[in-house]
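Engineer: Take a look at the letters that make up each chain.
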Amino acid sequence: MTGVGSADSVGTAVRRLDGPLKVTGNARYAAEQPETEPLYAHLIQSTVARGRVSSIETAEAEAVEGVAGVLTRHNAPALASTEDPEMRVLQSDEVAYRGQIVAVVLAGSAHVATQAANLVRVEYAESEHDVELPDGDSSRLVDAGIDSDVDTGGVDEAWESAQARVDVTCTTPLEHNNPMEPHATVATWADGQLTLHDSTQGVHATRSAVEALFGLEHVRVISPYVGGGFGSKGLPHAPLVAAGLAAMAFPGRAVKVTVTRQQMFTLVGHRPATVQRLRLAADHSGRLVSLSHDIAVSASRVKDYVEQAGAPSGTMYASPQRRIRHRMAELDLPAPTWMRAPGECPGMFGLEVAVDELAEQCGMDPIDFRIRNEPETDPSSGLPFSSRNLLRCLQVGAERFGWGERSWRRGRGQHGIGVASAAFPAFQIPGSRARIVFTGERYRVEIGAADIGTGTWTALAQIAADALEVPLDDVDLRIGDTALPKASLAGGSSGLASWGGTVTEAAREFRDEHGKDPVDGAETTSKMPRNPDAGQYSMHAFGAQFAEVRVDADTGEIRVPRMLGVFAAGRIVNPRTARSQLVGGMIMGVSMALHEHSALDPRFGHVVNHDFAGYHIASNADVGDVEATWVDEHDPHVNSVGVKGIGEVGIVGAAPAIANAAYAATGVRVRDLPLTLDSFLR
Amino acid sequence: MNPFDYERASDARGAVAAVAARPDAQFLGGGTNLVDHMKLGVAQPGMLVDVTRLPFDSVEARPEGGVRVGGMMRNSELAADPLIREWYPVLAQALLAGASGQLRNLATTGGNLLQRTRCPYFQDLTTPCNKREPGSGCSALHGWNRDHAVLGGSSECVAVHPSDLAVALTALDAVVRLQSPGHDRGLPVHSLYKLPEDDPSHDTVLEHGELITAVDLPEASPHTRSAYRKVRDRASFAFALSSVAAVVEVADGVVQSARIALGGVATVPWRASRAEEVLRGAPATEETFRAAADAELEAAEPLRHNEFKVALTRNTIVAVLRDLAAAEEGSG
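If you read the protein sequences in the order shown, they are chains A and B.
For the first sequence, the UniProt record's numbering begins at 1 and goes up steadily by one.
For the second sequence, the UniProt record's numbering begins at 1 and goes up steadily by one.
Just so you know, nobody snuck in bad clues.
Reference listing, derived: stretches of chain B covered by chain A, where coverage requires no fewer than 3 residues with Cβ under 8 Å from a Cβ of chain A: (1) 135 to 145; (2) 310 to 320.
One side of the interface only, derived from the structure: several residues of chain B facing chain A at Cβ under 7 Å: (3) Arg118; (4) Arg234; (5) Ala235; (6) Ser236.
Because the hints were derived from the structure by calculation, they are not lab data.
Yeah, the Cβ is synthetic: ideal placement off N, Cα and C, and Gly gets one too.
Take the sequences, apply the hints, and build the full model.
Structural biologist: Below is the structure:
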């Protein structure tokens, strides 16, 4: 073995340890799990948005050679829990949204399953449906029951008497997460044990959900590699339930369920639409005196989920008067879910566009306006910030990006630059455990964590190596399996903070128990330590986003040639994977700003553009010079490893920076996402 | 996907006979559209006759002038061909504006011309569509129709023809060579397509079994300039919201000749003959270009979500003509 004593791995740009496996195709994703004679599932989805299945004819499909069977509500196993309507797959004839699973065809090949599915005849008794989010004045909106909604009581009076004020409505559309790897599950029911190879952001979270649903114990979930999740793989969805039901109906045979790209637009969640009315007012010195953020969100009858777009208005600016209100419309839509920076991302769009407008009204530079309105303590809770380096991000960014001339013309190109702030809470989820075993040569570090493409395999190993004071090569990390100690899920940008703290604690206890020269097989298991500062500080990562936009004077085509994000996110464990994650967030922000829009057809209740030809995300040619960097930040309070998550803060603020740049370029203020060329046509 | 028979054709005559013999047979080129449609259930051929190995994969200068492009020529090879790049820039630019590198490596000339609309309702078996299922209704007319046609539509169909190549070929007055079950024939590209009118189920006038073996490009005049401009929501890998192909000759500040075709805005590759009329013999000025565009777009019938296409197309026509005229000045 090599010597104990080195602790220099964290902070170095280690290449992804799983990189060679991935580029050679040897990292096995869920659907690739080899099985002997598996059954392939084809999910048949409802073609009405609300009603009942009145009849299903399956005989013709069942007669096709190679078909093992067709599961419907008549023959599907019963679930132990039907509390969650999203997960109530094949348990009743009720249809709650268009695209709901109404039957599952199982066959020896995927093609036969699809062919047979065309022969299943489903009849419906259709009811009236409604999928459209009304505007903020509608009587169809009901209070969303958000605890953090606030009203200091004097918002309207302060607004009325202020020197500068804006009253604007910003909207964000329905969006779909769409990771590169669609959801997939390979389920096997054998000897009373259910085993799932699943594409998930948390094997243990999936395990507990599945155990409750099916009334089982000791379900095993395996998920070493995941091709992105963006929140949609945070909790299981209906296709996984279908896989479990099918596996139980065909004991001993593995059942493969792979969600198609089209099905990604119905079965695995989405970001709700928002209509946000912002009323902001400032005094003669540019100090905010009133901030009102009134939000209407689309919601689904099948899931309690509210997109909390008011969150940034509780954190970003000092204002003596403040009102944040969420209302929702319960619609016949599929279940929404977390999508990268839920709440913060659409909410920051509305807030930062409105702030840009108010700064202009005050005759102030938008960065000066933000400096003027920087709060000393958290405006919502009154707690001190564990660290808050937003202004440094803005100042460093302004210098680096060239914040001066805000608009210019080059040929037929109208150029402008814009800025917006970013923030995302620094969460740490308690409950993780880690086990460290000395194997004579190396240290095996076991924790049921997830790598959804972010770099956990590498960054968590770096933390473990430093905590054990050994070289990185001496650490053998094991993640992505419920056979490993329980870990929280990769969600809310909490992963590395939670697992890193857990592994660090385990290393400390291991050394306490076994010293620097442990015997073969020495083993210690410990859990995430409690953070004594939790609840004493307001904890967030911050950032500043800068964008240059070019709008064609003839066609209105809008492109983003240049972006810079400067972040303050605690300790950066691996600069290489961190940069990748932040740049990824910013690029997803370009997609949000310019492209993403799930277009609903209210007559049918479905997303019309349900594939990548219709639902655009940025292509390579849309991504110009994107740079992400950070300021040094030492935060002694946030957690024992000083880490703030960076999975989400990178997307927050990108869209308003682009919208503000487009305004600088053209004088056209667009408050509705996405920004498309029609807004800029003259 | 339903099971189907597959046959690789070794000669054109045999391929045509094989498809003509079965009503449910189709030719298979690069498969970049047909195979997608088979997966979606939009196309359910009982037999595919693979014509990609037929010897129609070259670009040749014709002795009588002009160029013959093989029907099986891959889009990326055609775009890179020196003859095409030098004499027909509008064509090379249109090809390179289409799809992605991977798709262009597979897609063939003939297949590209015969690709079908990307109307999302056409591609979704669960929504009515007159093109896919005659008589079922047009979902796009009162649905999500941002991408749809403002020219050439009917109450039965407003789906846009998606090809960039066909728009450039229309502006070039190209002729499609067809091997037919009856007698072989040639068709100007602009006569290949039919307006939806009351039967949108057939996109072209081709008979079952007719095979595109080549496309003939007329001789390019050394005095003309040509260009293709495609406007879309993102910088690549997207269908046109509007596109303009123009082949123009300007001399002494006067438009001598102009051939213009529009894409992304019409149910067929749209020959802008009204605009051409205004341009011919008129001074090459911004005012003329605008008047020409307005003349063409007078007939536009925008839908709920695509009114912007009228202004967009007008501005794009003007921009393309402005650039071509400026290039002419520069070279003069």
